[in-house]
Amino acid sequence: MQHNDHGGEGPPLLIFHGLFGSARNWTSIAKELTDCAHVYTFDFRNHGDSPHTDSHTIQDLGDDILYWIAEHKIQEPILLGHSMGGMAVAATALGHPEDIRAAIIVDIAPRHYAPHHQKEFAALKMDVSGYASRGAIDAAMQNIHPDAMVRQFLQMNLERTDGTYEWKINVPVLEAAVMGAGIGDSIPEEGVFEGATLFITGGDSDYVQAEDHTLIMRYFPRADIKTIIGAGHWMHYTHANAFAQIVRRFIAGLD
Numbered sequence: 564m565q566h567n568d569h570g571g572e573g574p575p576l577l578i579f580h581g582l583f584g585s586a587r588n589w590t591s592i593a594k595e596l597t598d599c600a601h602v603y604t605f606d607f608r609n610h611g612d613s614p615h616t617d618s619h620t621i622q623d624l625g626d627d628i629l630y631w632i633a634e635h636k637i638q639e640p641i642l643l644g645h646s647m648g649g650m651a652v653a654a655t656a657l658g659h660p661e662d663i664r665a666a667i668i669v670d671i672a673p674r675h676y677a678p679h680h681q682k683e684f685a686a687l688k689m690d691v692s693g694y695a696s697r698g699a700i701d702a703a704m705q706n707i708h709p710d711a712m713v714r715q716f717l718q719m720n721l722e723r724t725d726g727t728y729e730w731k732i733n734v735p736v737l738e739a740a741v742m743g744a745g746i747g748d749s750i751p752e753e754g755v756f757e758g759a760t761l762f763i764t765g766g767d768s769d770y771v772q773a774e775d776h777t778l779i780m781r782y783f784p785r786a787d788i789k790t791i792i793g794a795g796h797w798m799h800y801t802h803a804n805a806f807a808q809i810v811r812r813f814i815a816g817l818d
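Last residue of the sequence shown: 818 in the working numbering, with the numbers rising by one and none dropped.
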């Protein structure tokens with residue numbers, strides 16, 4: 564996995580992005596948290612600058628996390644994951660609790676999520692090679708996805724090589740994985756993580772429902788569930804200060 568070492572003082576904090584994201588989405592938060600942790604951000608397989616593969620499951624992502632931890636001899640890391648990254652962190656904590664100190668899971672519950680990214684994949688399947696600017700790409704994409712914030716997020720995956728735009732992420736493999744099985748098929752049914760766990764949810768997000776709290780406590784009996792009022796799914800971007808403060812307090816309170 565491609566990673567960025569942001570430095571910092573404190574325990575190792577490994578940050579994992581969500582679907583269609585990259586380490587780049589977390590740079591500002593990573594810098595904010597260097598006062599309480601030694602922060603690393605990552606590009607998952609098929610995203611950002613990490614290699615493309617033919618497989619993309621939550622189990623794959625968890626294996627990649629564990630491999631990186633072992634390879635870099637990281638002791639007692641805190642794992643933070645958003646959405647798909649949160650699912651990978653949950654699966655890693657439940658399957659290998661001895662390898663991590665604490666888990667921070669952002670706006671996702673440890674359950675199966677049915678496919679629901681049809682518009683995003685439609686936008687990402689645009690042939691962007693013939694466009695002269697990002698503005699022209701965005702104008703065309705409006706016909707597919709009306710949400711300007713989502714379009715901006717997706718367009719962070721654009722790369723221009725020799726004057727030609729292309730998508731950096733592995734769209735066909737991600738679409739087959741996400742729109743086929745959905746997300747959350749690799750959560751161990753019998754697993755329990757007894758370590759300190761923080762769930763952060765968005766008050767205006769529908770990813771974590773009230774009925775999910777019972778399931779969260781079943782898998783993570785020490786879980787502290789915090790909700791940022793008025794925040795949606797990308798709370799680390801829209802409510803960065805509140806988000807960083809919640810994470811900072813959690814790390815400060817670890818045994």
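Keep in mind that the hints were calculated from the coordinates and are not lab data.
Errors might be hidden in some of the hints.
To be verified - Label pairs and their in silico Cβ distance ranges:
1. GLN772 / SER696: 19 to 27 angstroms
2. ARG723 / TRP631: 44 to 52 angstroms
3. GLN715 / GLU752: 34 to 42 angstroms
4. ILE792 / PRO678: 39 to 47 angstroms
5. ILE637 / ALA703: 42 to 50 angstroms
6. GLY726 / VAL755: 28 to 36 angstroms
What the hints assert, rightly or not - Under the rule of at most 30 angstroms between Cα atoms (straight-line distance), these lysine-lysine pairs were calculated in the DSS-like manner:
7. LYS594 / LYS636
8. LYS789 / LYS594
9. LYS731 / LYS688
Remember, it's a predicted structure, so these values are computed and weren't measured experimentally.
Virtual Cβ for every residue (Gly too), placed ideally from N, Cα, C.
Here is what the structure says about each hint:
{"no.": "1", "hint": "GLN772 / SER696: 19 to 27 angstroms", "verdict": "violated (41 angstroms)"}
{"no.": "2", "hint": "ARG723 / TRP631: 44 to 52 angstroms", "verdict": "violated (29 angstroms)"}
{"no.": "3", "hint": "GLN715 / GLU752: 34 to 42 angstroms", "verdict": "holds (38 angstroms)"}
{"no.": "4", "hint": "ILE792 / PRO678: 39 to 47 angstroms", "verdict": "violated (29 angstroms)"}
{"no.": "5", "hint": "ILE637 / ALA703: 42 to 50 angstroms", "verdict": "holds (43 angstroms)"}
{"no.": "6", "hint": "GLY726 / VAL755: 28 to 36 angstroms", "verdict": "violated (53 angstroms)"}
{"no.": "7", "hint": "LYS594 / LYS636", "verdict": "holds (23 angstroms)"}
{"no.": "8", "hint": "LYS789 / LYS594", "verdict": "holds (22 angstroms)"}
{"no.": "9", "hint": "LYS731 / LYS688", "verdict": "holds (12 angstroms)"}
Hint violations for this structure: numbers 1, 2, 4, 6, all remaining hints satisfied.
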